[in-house]
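J.: So you can see what is in the structure, the chains are spelled out below.
Protein chains: 4
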Amino acid sequence: MEDRLTAISKKVIRFRDERDWKQFHDPKNLSEAICIESGELLEKFLWKTSDQSRIPDKVLVHGIREEVADVMIFLIYLCDTLNIDLLAAVENKLKLNQEKYPKEKARGTSKKYTEL
Amino acid sequence: MEDRLTAISKKVIRFRDERDWKQFHDPKNLSEAICIESGELLEKFLWKTSDQSRIPDKVLVHGIREEVADVMIFLIYLCDTLNIDLLAAVENKLKLNQEKYPKEKARGTSKKYTEL
Amino acid sequence: MEDRLTAISKKVIRFRDERDWKQFHDPKNLSEAICIESGELLEKFLWKTSDQSRIPDKVLVHGIREEVADVMIFLIYLCDTLNIDLLAAVENKLKLNQEKYPKEKARGTSKKYTEL
Amino acid sequence: MEDRLTAISKKVIRFRDERDWKQFHDPKNLSEAICIESGELLEKFLWKTSDQSRIPDKVLVHGIREEVADVMIFLIYLCDTLNIDLLAAVENKLKLNQEKYPKEKARGTSKKYTEL
Chain A
19 MEDRLTAISK
29 KVIRFRDERD
39 WKQFHDPKNL
49 SEAICIESGE
59 LLEKFLWKTS
69 DQSRIPDKVL
79 VHGIREEVAD
89 VMIFLIYLCD
99 TLNIDLLAAV
109 ENKLKLNQEK
119 YPKEKARGTS
129 KKYTEL
Chain B
19 MEDRLTAISK
29 KVIRFRDERD
39 WKQFHDPKNL
49 SEAICIESGE
59 LLEKFLWKTS
69 DQSRIPDKVL
79 VHGIREEVAD
89 VMIFLIYLCD
99 TLNIDLLAAV
109 ENKLKLNQEK
119 YPKEKARGTS
129 KKYTEL
Chain C
19 MEDRLTAISK
29 KVIRFRDERD
39 WKQFHDPKNL
49 SEAICIESGE
59 LLEKFLWKTS
69 DQSRIPDKVL
79 VHGIREEVAD
89 VMIFLIYLCD
99 TLNIDLLAAV
109 ENKLKLNQEK
119 YPKEKARGTS
129 KKYTEL
Chain D
19 MEDRLTAISK
29 KVIRFRDERD
39 WKQFHDPKNL
49 SEAICIESGE
59 LLEKFLWKTS
69 DQSRIPDKVL
79 VHGIREEVAD
89 VMIFLIYLCD
99 TLNIDLLAAV
109 ENKLKLNQEK
119 YPKEKARGTS
129 KKYTEL
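Residue numbers (my numbering), protein chains in the order written: chain A, 19 to 134; chain B, 19 to 134; chain C, 19 to 134; chain D, 19 to 134.
Hints are not guaranteed to be accurate.
Said to hold, decoys possible - In the SDA-like style, the derived pairs of lysine to any residue whose C-alpha atoms are separated by at most 25 Å in a straight line are:
#1 C:Lys123 <-> A:Glu61
#2 D:Lys130 <-> A:Thr132
#3 A:Lys40 <-> A:Glu58
#4 C:Lys121 <-> A:Leu64
#5 C:Lys129 <-> D:Phe42
#6 B:Lys129 <-> B:Gln70
#7 B:Lys29 <-> A:Tyr131
If you are wondering where the hints come from, they were derived from the structure by calculation, not from laboratory data.
Looking at chain A on its own, in the form it has when it is part of the complex (with noise of 0.2 Å):
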């Protein structure tokens, strides 16, 4: 059974592709596309504390799954254009991540690695 991103990615390239948008999507403008769509789900959230944003309403809960959506769709443009595997490069990130921030120093803090 083929895997669910990869299928997806399927579909939202051929949605690229149908509209002949491809010479568009270089990494520069595509990375461009996901700072935007990151700032308008920040928006979301803007004036909101950090406990009033853990108990969203469906109104909004539905606007956050659509920029969230937005976000992820450049991405898998971004990965698509520049040949990266977006899964392997979070396993090799994950990774990273447990030397930067070893687990005894890390626990219960959300000090940047440079400060543990």
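Please build the complex by placing chains B, C and D on the supplied structure of chain A, with the hints as guidance.
T.: Coordinates of chains B, C and D only, in the frame set by chain A:
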């Protein structure tokens, strides 16, 4: 066989829980983190032309992979915290985009749907 | 006596020209730089609560001052490149905001004008 | 005669106080707002080449002016809240940058100071 994204998400969540970090992971902070990491991703292409960004050298690709992974890791955390199925959200958004950007109108143009 | 912003802007521009950097300073790249520096500013408050962010210690204030300056420097460059009078633009926007957020309706609420 | 930035800042602050918005204006939220507005500014140049961004048409310049103003307004609020003298911060940062980017080394290159 388990889905790849499901499997890697479990590892990402375990990393968080072993450090007792869930307490910091409210949606407001996680969206900030996505924004910040997106900015670091974009920095990889700053001062480059769009064409230059298409042919990153080995060192640059390495850095891009790390930033792409960081954005994805925080997306996974946010979706876990808010109980969002990331790939279902992408599938939904893709359907919306198909209405906003009909093939005939959107082909070969980078215009926003509001200007089509 | 010369206006303070005019005077400092001249220094900022001279810094650029002494390095022959105007060639890199197109509006696309400058807007990217503003985004990237804003992300670095935001990082100073990541994982903090809103209340904690109100009482930054000396080291943090020092860092915030640097990031705020970076955002401002790129704003100055962008306005120079596009021939925008930054303070006139602020004055115009303030007038628009007065219409979008009438005192009676907007008092004491953080709602967006579209929801007032 | 009063300095222009001082004068406009007073108007910006009065706008806030007439709406009793200071309660929402902690540094964490204000930095989020700067990030979000920077993203909206960047969106004006998305899918454009660097060269195209140099020659915005009238409508685009109008939009850019509004976004630039939004970033500046929130910078003013942040500096007011944290008691930061924005222009003094710029002057300080410029001195630091002069050390990080000595003229001889930095001339004509867009390399980061860590690579000079």
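J.: Now look at each hint and say whether the structure bears it out.
T.: How the hints compare with the structure:
Straight-line distance between C-alpha atoms of lysine 123 of chain C and glutamate 61 of chain A comes to about 21 Å, which keeps the hinted pair within the 25 Å bound. Straight-line distance between C-alpha atoms of lysine 130 of chain D and threonine 132 of chain A comes to about 21 Å, which keeps the hinted pair within the 25 Å bound. With a C-alpha separation of about 23 Å, the suggested pairing of lysine 40 of chain A with glutamate 58 of chain A holds against the 25 Å cut-off. Annotation: proposed proximity of lysine 121 of chain C to leucine 64 of chain A holds, straight-line Cα distance about 20 Å (limit 25 Å).
Distance check on the hinted pair: lysine 129 of chain C and phenylalanine 42 of chain D sit about 11 Å apart at the alpha-carbon level, within 25 Å; holds. Note on lysine 129 of chain B and glutamine 70 of chain B: the hinted pairing holds, with a Cα-Cα distance of about 23 Å set against a maximum of 25 Å. In summary, the hint linking lysine 29 of chain B to tyrosine 131 of chain A is supported, as the alpha carbons are separated by about 20 Å, within the 25 Å threshold.
Checked against the numbered hints given earlier, the structure satisfies every one of them.
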